[in-house]
Amino acid sequence: MSFKKTLLGSLLISGGIITSPATAFANDSSELEQLRALVQELDQKVRVLDRKSEIASEEAAAAKKTAPVLVAGDKGFGLKSADGNFEFKLRGLLQADKRTFFDADESQGRDEYLLRRVRPTFEGTVFGKYDFRFTPDFAPGTPNIQDAYINARFLPWFKVQAGKFKVPVSLERLQSGSDLRFVERSYVANSLLPNRDVGVQIHGDLLEGKVNYAVGVFDGTADGGSNSSNTDNNIDKDYAARIFVEPFKGSDSALSGLGFGLAGTTADWSGPISEANHNYRTPGQQTFFQYHSSVNADGKQTRLSPQFYYYTGPFGVIGEYARVKHDVSRGSRSETLSHDAWQLAASWVLTGEDNSFKSITPKQAFDIDKGGWGAWEIALRYSEIDLDDDTFEGAAGVRFANASSTTDKAQSWAGGVNWYLNKNVKLQTTYEHTNFSSGVAGADDREDEKVLFSRFQVAF
Amino acid sequence: MKFLYLSLSTFIALLALINPLRLEAADVTLLNVSYDPTRELYQDYNAAFAKYWKGKTGDNVTIKQSHGGSGKQARAIIDGLEADVATLALAYDVDQLSDKGKLIPKDWQKRLQHNSSPYTSTIVFLVRKGNPKKIKDWNDLVKPGISVITPNPKTSGGARWNYLAAWAYALKQNNNDEAKAKVFVGKLFKNVPVLDSGARGSTTTFVERGIGDVLLAWENEAFLAKKELGPDKVEIVVPSLSILAEPPVTVVDKVVDKRKTRKVAEAYLQYLYSEEGQEIAAKNYYRPTLESVAKKYEAQFPKVSLITIDDVFGGWAKAQKTHFSDGGVFDQIYGAR
Chain A
-13 MSFKKTLLGS
-3 LLISGGIITS
7 PATAFANDSS
17 ELEQLRALVQ
27 ELDQKVRVLD
37 RKSEIASEEA
47 AAAKKTAPVL
57 VAGDKGFGLK
67 SADGNFEFKL
77 RGLLQADKRT
87 FFDADESQGR
97 DEYLLRRVRP
107 TFEGTVFGKY
117 DFRFTPDFAP
127 GTPNIQDAYI
137 NARFLPWFKV
147 QAGKFKVPVS
157 LERLQSGSDL
167 RFVERSYVAN
177 SLLPNRDVGV
187 QIHGDLLEGK
197 VNYAVGVFDG
207 TADGGSNSSN
217 TDNNIDKDYA
227 ARIFVEPFKG
237 SDSALSGLGF
247 GLAGTTADWS
257 GPISEANHNY
267 RTPGQQTFFQ
277 YHSSVNADGK
287 QTRLSPQFYY
297 YTGPFGVIGE
307 YARVKHDVSR
317 GSRSETLSHD
327 AWQLAASWVL
337 TGEDNSFKSI
347 TPKQAFDIDK
357 GGWGAWEIAL
367 RYSEIDLDDD
377 TFEGAAGVRF
387 ANASSTTDKA
397 QSWAGGVNWY
407 LNKNVKLQTT
417 YEHTNFSSGV
427 AGADDREDEK
437 VLFSRFQVAF
Chain B
24 MKFLYLSLST
34 FIALLALINP
44 LRLEAADVTL
54 LNVSYDPTRE
64 LYQDYNAAFA
74 KYWKGKTGDN
84 VTIKQSHGGS
94 GKQARAIIDG
104 LEADVATLAL
114 AYDVDQLSDK
124 GKLIPKDWQK
134 RLQHNSSPYT
144 STIVFLVRKG
154 NPKKIKDWND
164 LVKPGISVIT
174 PNPKTSGGAR
184 WNYLAAWAYA
194 LKQNNNDEAK
204 AKVFVGKLFK
214 NVPVLDSGAR
224 GSTTTFVERG
234 IGDVLLAWEN
244 EAFLAKKELG
254 PDKVEIVVPS
264 LSILAEPPVT
274 VVDKVVDKRK
284 TRKVAEAYLQ
294 YLYSEEGQEI
304 AAKNYYRPTL
314 ESVAKKYEAQ
324 FPKVSLITID
334 DVFGGWAKAQ
344 KTHFSDGGVF
354 DQIYGAR
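Top to bottom, those sequences are chains A and B. Residue numbering for the first sequence follows the working numbering, beginning at -13 and increasing consecutively. Residue numbering for the second sequence follows the working numbering, beginning at 24 and increasing consecutively.
Okay, chain A solo, but in the shape it has when bound (with noise of 0.2 Å):
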């Protein structure tokens, strides 16, 4: 516009139309015609520079909206169509960890620097339906294929995912490796219910996500375990099944942060149970239980898990209890072993900010210029594992056990402080003391574990 009226008022001026001299043509009636005509058109000029500037201005506001938009931020870093059908994003998970046993030989942990996991994660989704996620683990000395799966969104209500990921059961499993309040998972996910598998499950959200529901198809893994092989050890399949209600989701009440469900796995199986490599570890990741390599699978192998989780403001309590049952032999001997965990682990997040299953946003990032604190949280629980009697029972000939497995129960008490100097960075921190006890007659209890676990880890 104030190009509009410069250009204007230099042709008014250079036609002498507001200087002194006009009164020298102002009679004249054909110039002044003759200039009233270059106005307008000089003025339709500039109106139709002006209406191309706006239609092209138009045309790249609308041609913005269909082109393909770069996202960088917290959730990480991706690709993404106008109309958010496809989509490719780059995400990361690093842990930096230190171990620290304390009053411990080597045989019952060693104090050592390791990465724990380093796992990127390439997702997206195509078709606006068609989730694909895939996840290698560089971080054991074989690097892994944790997550590789495809997830088509028909309906809310009606998914199918297929490939390898974790299998619907145990609540705590289902939490992220970045979102946990504790350094290490406790005895219901890490050593009795399984981790990831491959199969196939239909899965999805009934009235408006206040249930969730999964069945499922697998391949079988241990107890605790995931299937790294990529392979089936049995002909029969692992079927698995999970139900999680939030009965105040989205409500004003008090409840809306809680939610409560059943889950469980069921197969058959008849083989060498080595072949399954069940490993229960202490929370310091030390076998403390294996099978004889004698022992066969014989039967029904399930597992049961009702669970449940309650948050509230930056009060979070999560709960999850675990029994296995696997029919097994070993020679003329047959069982039915009932092994039990369970966990209770409560956390508060000191820096106000809301708990939830999920990681804490803290109001304030860490920053030393600014004087952000980030959001800080302490935590404590309690876990226990306790195998059947049976497990242990005979002569070290006819035990279902290892020799070198004499523990049946495990009680394990944990504190951890946590630093989320960002939503991406945390620093967290664990102390666990587990005592162990002996199901083997004249057998010593396991030495105490005592153990501080320190974190680094960055996610996005």
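In case anyone wonders, no lab produced these hints; they're calculated from the structure. Treat the hints with care, since some could be wrong.
[What the hints assert, rightly or not] Under the rule of at most 25 Å between Cα atoms (straight-line distance), these lysine to any residue pairs were calculated in the SDA-like manner: (1) B:K177 with A:D36; (2) B:K213 with A:Q20; (3) A:K66 with A:A148; (4) A:K51 with B:K123; (5) B:K156 with A:L35; (6) A:K31 with B:K123; (7) A:K31 with B:K157; (8) B:K283 with A:L141; (9) B:K213 with A:D29; (10) B:K123 with A:Y116; (11) B:K95 with A:T52; (12) A:K196 with B:R282; (13) A:K115 with B:D280; (14) A:K436 with A:V303; (15) A:K31 with A:L18; (16) A:K38 with B:K210; (17) A:K61 with A:W405; (18) B:K152 with B:Q136; (19) A:K145 with B:R282; (20) B:K283 with B:E105; (21) A:K51 with B:R62; (22) B:K277 with A:V112; (23) B:K210 with A:E27; (24) B:K166 with A:L24; (25) A:K409 with A:D340; (26) A:K31 with B:R62; (27) A:K115 with B:D276; (28) A:K31 with B:K283; (29) B:K156 with A:V32; (30) B:K166 with A:V32; (31) B:K133 with B:Y294; (32) B:K210 with A:L141; (33) B:K177 with A:A49.
[Unchecked claim] Quick list of the computed label-pair ranges, beta carbon to beta carbon: (34) B:K341 with A:P122: 42 to 48 Å; (35) A:A148 with B:P128: 32 to 38 Å; (36) B:I101 with A:A46: 20 to 26 Å; (37) B:K87 with A:S215: 28 to 34 Å; (38) B:G81 with A:K38: 47 to 53 Å; (39) B:Q355 with A:N71: 51 to 57 Å; (40) B:S89 with A:N265: 42 to 48 Å.
Remember, it's a predicted structure, so these values are computed and weren't measured experimentally. In this text, a Cβ means the ideal position worked out from N, Cα and C, and glycines have one as well.
With chain A's structure known, arrange chain B on it following the hints.
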């Protein structure tokens, strides 16, 4: 394991039953993707239809509107815009929903009366008050110094009607000499200073931005502009010859079947042919097809000699290929400016 299979199957079957019950809720939403100048028509019509549907079925229906250049709107639907109904400017654009989008059947035009065009219109001139450039007919538009406003035929249905009406006039004046018609339309477009993507944009250019001596406009758009601005600002000039514009309507089958909205979408279009629907069209300056309503509003619409797309151009497919496809006559004309 058989028990487990049975349980799983039963569970999935139950879920499948739950879904239809939830979708058959009393609140229904439709999206009508239309061309530029129909905003006011469908605002009025949507309110009337919602009232009618509520009375008939008890259901609440909300109709959302999307407007733009007809060609652009057709592409948007093909690219995934979930239109329950398409009410576009010309049959060629709707054909694209079948040919390129596979969203509707090939014979879509036979599904409703009057080749699925519940109302018609034509092209007229809108000039400034007093008609200072003395514009009376198409041949006045090619004179030097005349500034003509029309949208881009590549994106606007209305613009294609404008272009073809001018072409038909030139053919008639030159004993069907295509070369002379091309020169004539080329001269006309030399007088076009700016091309908007849709008819409403061109109206903005002419009326609000004050650009140009004459706007080639849908008849309804011209009447509406005159009504909005007042007769002291603009005048309508009816040329000696114009074109019968038949804007068609269709349900988008793939979308209505997916969204379970076929019943209400079909009723929505069918009601356009009702007496009330035709009254609303006429009040918004579209020529009604229902004889009784057409007679009632006869005086409102000027009498004009109208050619049809089929008679002069052999149908939309041929006209589109010859004139508006990439490298077609329009590109030759406009690129040579």
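Here's how the hints hold up against the structure:
1. B:K177 with A:D36: 22 Å, holds
2. B:K213 with A:Q20: 24 Å, holds
3. A:K66 with A:A148: 24 Å, holds
4. A:K51 with B:K123: 23 Å, holds
5. B:K156 with A:L35: 22 Å, holds
6. A:K31 with B:K123: 41 Å, violated
7. A:K31 with B:K157: Within the cut-off at roughly 21 Å; holds.
8. B:K283 with A:L141: With Cα atoms ~14 Å apart, K283 (chain B) and L141 (chain A) stay inside 25 Å; holds.
9. B:K213 with A:D29: Roughly 19 Å between the alpha carbons, so the hint for K213 (chain B) and D29 (chain A) holds.
10. B:K123 with A:Y116: Roughly 23 Å separates the two Cα atoms, so the pair holds.
11. B:K95 with A:T52: 13 Å, holds
12. A:K196 with B:R282: 24 Å, holds
13. A:K115 with B:D280: 18 Å, holds
14. A:K436 with A:V303: Judged against 25 Å, a Cα distance of about 24 Å means the pair holds.
15. A:K31 with A:L18: 20 Å, holds
16. A:K38 with B:K210: The given pair, whose Cα atoms are some 21 Å apart, holds under the 25 Å limit.
17. A:K61 with A:W405: 19 Å, holds
18. B:K152 with B:Q136: It is violated: about 39 Å lies between the C-alpha atoms, which goes past 25 Å.
19. A:K145 with B:R282: 18 Å, holds
20. B:K283 with B:E105: Holds - the C-alpha atoms of E105 (chain B) and K283 (chain B) are around 12 Å apart, at most 25 Å.
21. A:K51 with B:R62: OK: K51 (chain A) and R62 (chain B) at ~22 Å, within 25 Å.
22. B:K277 with A:V112: 20 Å, holds
23. B:K210 with A:E27: 19 Å, holds
24. B:K166 with A:L24: 18 Å, holds
25. A:K409 with A:D340: 13 Å, holds
26. A:K31 with B:R62: 30 Å, violated
27. A:K115 with B:D276: Given that 25 Å is the threshold and the Cα spacing comes to 21 Å, the pair holds.
28. A:K31 with B:K283: 52 Å, violated
29. B:K156 with A:V32: 20 Å, holds
30. B:K166 with A:V32: 22 Å, holds
31. B:K133 with B:Y294: 17 Å, holds
32. B:K210 with A:L141: The given pair, whose Cα atoms are some 56 Å apart, is violated under the 25 Å limit.
33. B:K177 with A:A49: Given pair K177 (chain B), A49 (chain A) holds - Cα atoms ~17 Å apart, limit 25 Å.
34. B:K341 with A:P122: 42 to 48 Å: Violated, since K341 (chain B) and P122 (chain A) (Cβ atoms, about 57 Å apart) do not stay within the stated range.
35. A:A148 with B:P128: 32 to 38 Å: 34 Å, holds
36. B:I101 with A:A46: 20 to 26 Å: Roughly 23 Å apart at Cβ, these two residues keep to the hinted range, so it holds.
37. B:K87 with A:S215: 28 to 34 Å: Distance hint for K87 (chain B), S215 (chain A) is violated at roughly 53 Å.
38. B:G81 with A:K38: 47 to 53 Å: 52 Å, holds
39. B:Q355 with A:N71: 51 to 57 Å: 37 Å, violated
40. B:S89 with A:N265: 42 to 48 Å: Once the Cβ atoms are compared, 59 Å apart, the range 42 to 48 Å for N265 (chain A) and S89 (chain B) is violated.
Hints 6, 18, 26, 28, 32, 34, 37, 39, 40 from the list above are not met by this structure, while the remaining hints are.
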